[in-house]
Amino acid sequence: MSYILDIDGVNKTFGGLHALSDVNLKIEEGETHAIIGPNGAGKSTLLNCCIGRLIPDTGTVTFNGKNMIGMPPYDINHAGMVRVFQTPEIFPDLTLLQNVMIPALAKRDGTFKFNPFKSLAKEKSIIKEAHATLADFELDKFHNQLAGSISRGDKRRLELAMGLIQHPDLLLLDEPTAGMARHDTNRTIDLLNSDRMKTMTKVIIEHDMHVVFSLADRISVLARGHIIATGRPEDIKNDPKVKEAYLGESEDE
Amino acid sequence: MIKKIFSSNPLIMLIFSAVVLTAPIWLDPIGANYPDLLQKFAIFGIFAIGYNILFGLTGYLSFGHATFLGVGSYTAVWAFKLLSMNIVPAIILAIIVSGVFALIIGFLSLRRSGIYFSILTLAFAQMAYSLAYSVLTPITNGETGLQLSLKDPRVLDSMAGIIPQEGLPSTNLFGYLMKSYEGYFGFYFAAVILIIAFYVSLKIFRSPYGLKLRAIKSNQTRMKYTGFNTRPYLLSAFVISGMYAGLAGALLASIDPLAGAERMQWTASGEVVLMTILGGAGTLIGPLLGTTIIKYLENIFSALNPSELHNMFDFMPEPLQNFMVTIVSPFVGEGWHLTLGAMFMIIVIFLPGGVMQGLSHLSSFMKRLFGSKKDTTPDSVNDAAPTTSKGGH
Amino acid sequence: MDAILIQILNGLDKGGAYALIALGLTLTFGTLGIVNFAHGALFMLGAFCAVLFNKILTISVKVKDESITFFDAYKEQPYLEIWLGDLGNTIIDYSVPLSILFAIPVMWLVGVIMERGLIKYFYKRDHADQILVTFGLAIVIQEVIRHFFGANPIPMPPPDIVSGSAPIGTMLGLNDNIAYPWWRLIYLVFSLIVIFAVFAFLKFTTFGMVVRAGMADRETVELLGINVQRRFTIVFGIATVVAGLAGVMYAPILPPDYHMGMEFLVLSFVVVVVGGMGSLPGAVAAGFLLGILQSFASMNEVKSIFPGIDQIIIYLVAVVILLVRPRGLMGREGVFED
Chain A
458 MSYILDIDGV
468 NKTFGGLHAL
478 SDVNLKIEEG
488 ETHAIIGPNG
498 AGKSTLLNCC
508 IGRLIPDTGT
518 VTFNGKNMIG
528 MPPYDINHAG
538 MVRVFQTPEI
548 FPDLTLLQNV
558 MIPALAKRDG
568 TFKFNPFKSL
578 AKEKSIIKEA
588 HATLADFELD
598 KFHNQLAGSI
608 SRGDKRRLEL
618 AMGLIQHPDL
628 LLLDEPTAGM
638 ARHDTNRTID
648 LLNSDRMKTM
658 TKVIIEHDMH
668 VVFSLADRIS
678 VLARGHIIAT
688 GRPEDIKNDP
698 KVKEAYLGES
708 EDE
Chain B
-10 MIKKIFSSNP
0 LIMLIFSAVV
10 LTAPIWLDPI
20 GANYPDLLQK
30 FAIFGIFAIG
40 YNILFGLTGY
50 LSFGHATFLG
60 VGSYTAVWAF
70 KLLSMNIVPA
80 IILAIIVSGV
90 FALIIGFLSL
100 RRSGIYFSIL
110 TLAFAQMAYS
120 LAYSVLTPIT
130 NGETGLQLSL
140 KDPRVLDSMA
150 GIIPQEGLPS
160 TNLFGYLMKS
170 YEGYFGFYFA
180 AVILIIAFYV
190 SLKIFRSPYG
200 LKLRAIKSNQ
210 TRMKYTGFNT
220 RPYLLSAFVI
230 SGMYAGLAGA
240 LLASIDPLAG
250 AERMQWTASG
260 EVVLMTILGG
270 AGTLIGPLLG
280 TTIIKYLENI
290 FSALNPSELH
300 NMFDFMPEPL
310 QNFMVTIVSP
320 FVGEGWHLTL
330 GAMFMIIVIF
340 LPGGVMQGLS
350 HLSSFMKRLF
360 GSKKDTTPDS
370 VNDAAPTTSK
380 GGH
Chain C
34 MDAILIQILN
44 GLDKGGAYAL
54 IALGLTLTFG
64 TLGIVNFAHG
74 ALFMLGAFCA
84 VLFNKILTIS
94 VKVKDESITF
104 FDAYKEQPYL
114 EIWLGDLGNT
124 IIDYSVPLSI
134 LFAIPVMWLV
144 GVIMERGLIK
154 YFYKRDHADQ
164 ILVTFGLAIV
174 IQEVIRHFFG
184 ANPIPMPPPD
194 IVSGSAPIGT
204 MLGLNDNIAY
214 PWWRLIYLVF
224 SLIVIFAVFA
234 FLKFTTFGMV
244 VRAGMADRET
254 VELLGINVQR
264 RFTIVFGIAT
274 VVAGLAGVMY
284 APILPPDYHM
294 GMEFLVLSFV
304 VVVVGGMGSL
314 PGAVAAGFLL
324 GILQSFASMN
334 EVKSIFPGID
344 QIIIYLVAVV
354 ILLVRPRGLM
364 GREGVFED
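Residue numbers (this note's numbering), protein chains in the order written: chain A, 458 to 710; chain B, -10 to 382; chain C, 34 to 371.
No wet-lab data here; the hints were simulated from the structure. Just so you know, not all the hints are guaranteed correct.
[As the list claims (entries may be wrong)] Capping the alpha-carbon separation at 20 Å, the derived lysine to aspartate or glutamate pairs in EDC-like fashion look like this:
id : chain 1 : residue 1 : chain 2 : residue 2
1  : B       : K192      : A       : D665
2  : A       : K694      : A       : D652
3  : B       : K192      : A       : E580
4  : A       : K655      : A       : E486
5  : C       : K88       : C       : D105
6  : B       : K70       : B       : E132
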């Protein structure tokens, strides 16, 4: 079995607090892998260690056979690992079309390309792809609105579109449905299950069990910085350690 | 219809060139048709267009761009002294040298963003200004300013066999004197350069590169996670704007071959910021509008004096007339800077998008007034969002 | 040794001014989140408070000059002298220190009007807009001053009794030749007093505690539901008064002119950056440090090795600090760091 992402023995402490202790996680190509866990379990820290926002104290993150530790975020992006943020990180002053053109240009131009005399309007293939991607997410009717002016749910879907247009080898999704109404959540689940995205390797951090069990092929449970279980959804459901972790948390509250 | 025109580059350039080249005609009725002022419009217009490529597109607020204007002027005067009175080598050298300065200062300043970037550029500008007045006197000639002299070698000119007549020689373009046709030659030369400079800026605005710069302004962190190394983008924009400033400095020296350190003072840097935001930072034509408004008002306001004010208000009854003169007089003549400062504040407070934003408000208001339901949304590929000045975060 | 002492002394009074201005800048930036490019103009306004107060005290009337007897001569005699005699003259002589009393309410009023009328609308705008609007305001203030007081520097003598030099060398048991102007010594002591007053206020009053808490963690304090608005006004007022006082007392050292504020502003920003954005002790320490550094750089021995170093030393330090240690000397990690 080939692993696309191999997180091996990762530790991260913040001033004495162990956010991650000896985390091992292997993501298989083509799977949708959900990471769940109570609040403060270290899920976002783990994600940040993968995309270069944080550097782990020890351990390695290997992606497609390459070590990702210490790489700047833009190089990680070009290696094929793309993150979709929890709070929409879009370009509020640009139109929706421009918002999806930017990642498409990144894919084509690399980390830096000085092309001040090329005409944007003549980038026909990029524009076409951008329209098509927007259409996939039912956003094309807004294509010339400013991204800052659309609803929060639309912004979340725009984020997904921006990630998807780069055809990543691995998509990291940070709570893609957090704060969404039930209707929008279902729409997002359908999108992530659509033909275009079904086969893409995905890591999803999620609170909503409904979403997790609708999408995930495998699930890992993170509690207090440790991975306490990894397995198929039905196994996780019945795992006593998982129950304890969640029940333990509810006692604390 | 209008939308069509504004998305076609050749049409824009045609209209733009026509407007610039006929400026002596249509500026005549408002009394702005004399070469000295026309040249200022064109040269400071170039300065502002270049500054806008940095500030307007990326949102990085530099308080040191007058440095590059000064460097351009010094380089050009040295070229006149050492090489030739022909302005072509002077202009080319000035652009290169100011580009090198911008590369060094930009490389260091862009290690930081937000207010730290502004303070760094300010610190570099103050350093350059102080040095020009002190240690660098052999190069800058200190407070007197760098001037031509009879002993200058002018290697290229003497090689070409051009022997200066009595007195100091004049700047020329392959023999055509800049001051010929009462200075209109100088204006038309600057106007042609302005048209080229505007075309370059238009291309940049409508290129993938320009879009990426705007995206950096909108959300730099996101750009990094989208796969862009933002620093070379910012540095190249900084260098381009520095080269524009150097070009403007060289043109100033071509019109009047002397260079002084006061051109590098931070108030001069502040002025180009004002020109850009007054017209509308991040818009194509805004900085040029801002320049024209400021230089025109400067020309009028700084020439006024109380007795002329009395003439202006003499249709009023005597007490009211005196009252008006008392109110207005601090703003004119020597007080022009007060008007400038007040304008600065009013624009930032009430119209952060500048005149261009005001015009777009006005046009949408008119549309609503006349009930037109035409599609007014911007061209989604090319057009910038209605820009408010948004700093780097 | 003596030369070094002299240079340190020379740097201290300037350092005191830097420290006072930087203190206000840090306070407004740390508490209100405002980058105030008009803060130097407030320093200049303070200096002109001294000028104005002196003008008021010396309002004169034309009287016959009795000392000249062979023709009718007239002289200007201040009302104060006419009304109070010698006491009046003494008051005029002490006009600079007395104008502190005049400057405090004036500067307080200026600060409150500025905050209520302009600054408060910029809390939510980004730093670029704040810089631009206060830059405009700085131009307006300095041009208004120029309109009323002219462009030339106006010499403001210190009181007669302290117009000479203090024999510092003798006092410290060193070389008798070391002398130091009394007024600069007074300025140093004065700036230290003001600095300690501000720190004491922040340390020992409930109000000060809230302000300090706000500088450490703005969001939390806002969540406490304390009347932030009023506190902002007061903090801004304090910063304005401190800058004004720094200016009042500086008038005898540097004859006030309308653009002195700009020079001090740029330098003070550098001081704030060097000390660490948001750190009050950092601002004070960096102020004195840079004052002394500048004074050393202007020694002939140093200038002969690095020509022009005295002109640029402060900017050079700023550049190096910003590039190498962006949080400054005493800034905490992660606070206002880029």
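Status of each hint after checking the structure:
1. Distance check on the hinted pair: K192 (chain B) and D665 (chain A) sit about 48 Å apart at the alpha-carbon level, beyond 20 Å; violated.
2. With a CA separation close to 27 Å, the supplied pair K694 (chain A) and D652 (chain A) exceeds the 20 Å bound.
3. Using a Cα cut-off of 20 Å, the hinted pair K192 (chain B) and E580 (chain A) holds, with the two alpha carbons roughly 14 Å apart.
4. For the given pair, K655 (chain A) sits about 12 Å from E486 (chain A) by alpha-carbon distance, which is consistent with the 20 Å threshold.
5. For the hint linking K88 (chain C) to D105 (chain C), the alpha-carbon distance of about 27 Å lies beyond 20 Å, and the restraint is violated.
6. This hinted pair checks out: K70 (chain B) and E132 (chain B) have alpha carbons roughly 19 Å apart, not beyond 20 Å.
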